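Trainee: Given only the sequences and the hints, what does the whole structure look like? Please build it.
Protein chains in written order, with our numbering: chain A, 153 to 431; chain B, 108 to 405.
Treat the hints as calculated values from the structure; they're not laboratory data.
If you're wondering where the values come from, they're calculated on a predicted model, not measured in any experiment.
Beta carbons are placed, not taken as given, at the ideal position from N, Cα and C, and that holds for glycine.
Pair by pair, the computed Cβ-Cβ distance ranges are: (1) B:Asp385 - A:Thr195: 55 to 65 Å; (2) B:Gln190 - A:Phe270: 32 to 42 Å; (3) B:Thr256 - A:Asn282: 27 to 37 Å; (4) B:Pro251 - A:Pro255: 50 to 60 Å; (5) B:Gly227 - A:Thr378: 36 to 46 Å; (6) A:Leu194 - B:His298: 29 to 39 Å; (7) B:Thr256 - A:Gly208: 29 to 39 Å; (8) A:Ser170 - B:Ser405: 54 to 64 Å; (9) A:Asn282 - B:Val257: 29 to 39 Å; (10) A:Pro278 - B:His298: 25 to 35 Å; (11) A:Gly400 - B:Asp385: 27 to 37 Å; (12) A:Gly400 - B:Lys381: 26 to 36 Å; (13) A:Gly396 - B:Ala361: 27 to 37 Å.
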Amino acid sequence: MQREKFIERVLLLLALSSIASLALITVFIFLEGFPLIVHTGLTNFIASAHWAPTKGHFGILAMIISSVLVTLGAMVLGVPLGLSCAIVLAEFSPQPLKLVLKPTLELLAGIPSVVYGFLGVVWLVPLIRNHLGGPGLSLLAAAVILGIMILPTIISISIDALSAVPDIYREGSIALGATLWQTVRRVVLPAASSGIITAVILGMGRAIGETMAVIMVAGNALQIPTSILDPVRTLTSNIALELGYASGRHREALFATGIVLFIIIMVLNLSATLITRRR
Amino acid sequence: MSNPAKKSADADACLAGDGASPPGPALPTFIRRLSASWAVAIILGVMLLLSGCGSEVSSRPLSIAGSTSVQPFAEKLAEIYMQEHPGVRVDVQGGGSSAGIYAAEHGAADVGASSRELLGEEKKLCEIPIAYDGIAVIVHPSNPLTGMTVEEIRQIFVGEVTDWRAFGLPAHPIDLITREEGSGTREAFEHLVMAKREITPRALVQDSNGAVREIVAGDPSSIGFISAGLVDERVKALAINGVLPSPENIKTHAYQLVRRFILVCRTAPVGPVKDFIDFVLSPKGQKILEKEGLVGVS
Numbered sequence: 153m154q155r156e157k158f159i160e161r162v163l164l165l166l167a168l169s170s171i172a173s174l175a176l177i178t179v180f181i182f183l184e185g186f187p188l189i190v191h192t193g194l195t196n197f198i199a200s201a202h203w204a205p206t207k208g209h210f211g212i213l214a215m216i217i218s219s220v221l222v223t224l225g226a227m228v229l230g231v232p233l234g235l236s237c238a239i240v241l242a243e244f245s246p247q248p249l250k251l252v253l254k255p256t257l258e259l260l261a262g263i264p265s266v267v268y269g270f271l272g273v274v275w276l277v278p279l280i281r282n283h284l285g286g287p288g289l290s291l292l293a294a295a296v297i298l299g300i301m302i303l304p305t306i307i308s309i310s311i312d313a314l315s316a317v318p319d320i321y322r323e324g325s326i327a328l329g330a331t332l333w334q335t336v337r338r339v340v341l342p343a344a345s346s347g348i349i350t351a352v353i354l355g356m357g358r359a360i361g362e363t364m365a366v367i368m369v370a371g372n373a374l375q376i377p378t379s380i381l382d383p384v385r386t387l388t389s390n391i392a393l394e395l396g397y398a399s400g401r402h403r404e405a406l407f408a409t410g411i412v413l414f415i416i417i418m419v420l421n422l423s424a425t426l427i428t429r430r431r
Numbered sequence: 108m109s110n111p112a113k114k115s116a117d118a119d120a121c122l123a124g125d126g127a128s129p130p131g132p133a134l135p136t137f138i139r140r141l142s143a144s145w146a147v148a149i150i151l152g153v154m155l156l157l158s159g160c161g162s163e164v165s166s167r168p169l170s171i172a173g174s175t176s177v178q179p180f181a182e183k184l185a186e187i188y189m190q191e192h193p194g195v196r197v198d199v200q201g202g203g204s205s206a207g208i209y210a211a212e213h214g215a216a217d218v219g220a221s222s223r224e225l226l227g228e229e230k231k232l233c234e235i236p237i238a239y240d241g242i243a244v245i246v247h248p249s250n251p252l253t254g255m256t257v258e259e260i261r262q263i264f265v266g267e268v269t270d271w272r273a274f275g276l277p278a279h280p281i282d283l284i285t286r287e288e289g290s291g292t293r294e295a296f297e298h299l300v301m302a303k304r305e306i307t308p309r310a311l312v313q314d315s316n317g318a319v320r321e322i323v324a325g326d327p328s329s330i331g332f333i334s335a336g337l338v339d340e341r342v343k344a345l346a347i348n349g350v351l352p353s354p355e356n357i358k359t360h361a362y363q364l365v366r367r368f369i370l371v372c373r374t375a376p377v378g379p380v381k382d383f384i385d386f387v388l389s390p391k392g393q394k395i396l397e398k399e400g401l402v403g404v405s
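Mentor: Following this line, the structure appears as structure tokens:
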């Protein structure tokens with residue numbers, strides 16, 4: 153019994169240490185970044201688009217807007233594609249096909265983001281530049297690449313949600329004379345809706361947090377975009393681009409950017425948790 | 108650009124003054140810059156760790172810290188120096204010009220590396236120029252332009268001129284590419300070209316010379332700037348005020364966009380530090396730098 157208690161304690165300690173690292177990261181980001189927000193004032197920080205940190209201007213509005221737009225773009229592309237993929241795999245595919253396709257799609261998640269970025273630079277960017285105009289490195293390029301990158305997240309969580317709907321629902325619907333498609337649309341999808349919304353929110357978190365691929369294809373310009381062909385800089389790219397050389401206030405400003413990003417992602421994750429729990 | 112001949116005379120004076128004992132760190136300044144001293148403390152800690160590991164090396168390693176623009180060249184020099192002097196270790200770290208100068212000033216590193224000129228208080232340190240680096244303004248090879256004036260480049264990067272039509276070419280928006288805030292190359296470009304004006308937020312930002320070159324090589328309507336040593340056949344360097352960034356023109360400063368790479372010491376270097384700097388300035392050391400794309404000082 154003594155030994156069992158001991159093992160329990162050790163496991164508890166290990167579990168707590170992983171949570172402690174999250175707490176440490178939170179405290180560290182806030183300690184490093186908060187002085188700057190106090191220094192410039194919250195409104196000057198998040199409502200100004202003038203970012204010239206070595207000259208004392210710390211406005212991140214353009215990056216907040218760009219992050220939101222790039223993420224929305226990725227959603228517009230990724231959600232319909234991912235959801236239809238999930239419906240086909242969960243409802244309309246014979247078991248053997250599903251066994252092959254699902255792991256294949258999940259392989260997408262294992263491709264490093266720098267590879268997506270590289271493909272974007274050599275293939276997508278010239279395509280946009282030659283056929284649509286602009287420099288090619290753009291909001292559109294980032295949205296397309298991210299839209300593909302979030303597919304595995306959306307597909308696998310949606311499939312789980314759809315599979316969790318009890319077969320009695322489907323049988324009842326078909327017994328009432330509904331076709332297979334009517335069953336999926338009117339019965340299965342509404343029943344799985346909270347799981348699907350969670351999938352979308354987690355995909356959104358992935359998109360807003362992605363850095364490497366976005367740095368490579370988004371162009372990183374500091375303006376507020378006026379067209380989808382404009383180059384943009386997201387919050388994450390801002391941190392990764394400039395941290396290497398930053399010192400003093402500039403460094404604090406990058407941590408403060410991290411605080412904003414942290415809050416956005418926390419809100420997304422919490423709402424995903426709440427929605428799942430409601431079920 | 109200030110008179111290079113005078114600067115190198117200063118450096119000679121630096122090198123000649125052997126034997127002076129280093130003064131202790133000024134304590135009040137040290138406390139005032141507590142946050143910067145954190146960085147130094149970390150560098151120092153890493154140095155101590157490293158020196159603890161190298162059991163076969165008898166003496167303390169020579170440490171160089173500073174500009175990320177100088178770092179690859181300093182690493183190359185250190186590598187060859189260590190091959191020739193087994194038993195001596197040279198550690199090269201980045202951190203930026205300002206951090207390097209600060210480290211040298213406070214003794215956290217033996218030598219600071221800087222890609223910018225010393226400012227104000229820093230001028231009392233001992234500086235040794237080791238090479239010149241030209242900043243080339245590059246366009247796609249299919250661009251018929253061969254040269255621009257500094258004024259024209261400034262107008263493009265400020266955002267006043269946004270279309271190639273202004274240069275008599277077919278109308279097409281200019282895609283301009285700059286480096287990220289804090290980069291040494293950008294700092295030098297702003298200093299030499301921008302005359303205190305800001306680079307437009309419309310500009311694309313890339314975080315390395317290679318990435319800028321890659322984009323200019325792929326986009327026929329783009330313009331950017333990189334280290335002259337890194338220009339290859341896939342991009343075209345423009346003549347500035349009629350002068351091409353050739354090694355000769357960079358050395359004589361006929362080409363205008365030139366920065367110096369300097370090593371910084373607290374006092375005139377002695378012992379192993381002097382030996383390493385002598386190696387850098389020797390024909391062999393200078394040849395290494397020129398092979399890597401820089402232009403030597405001697």
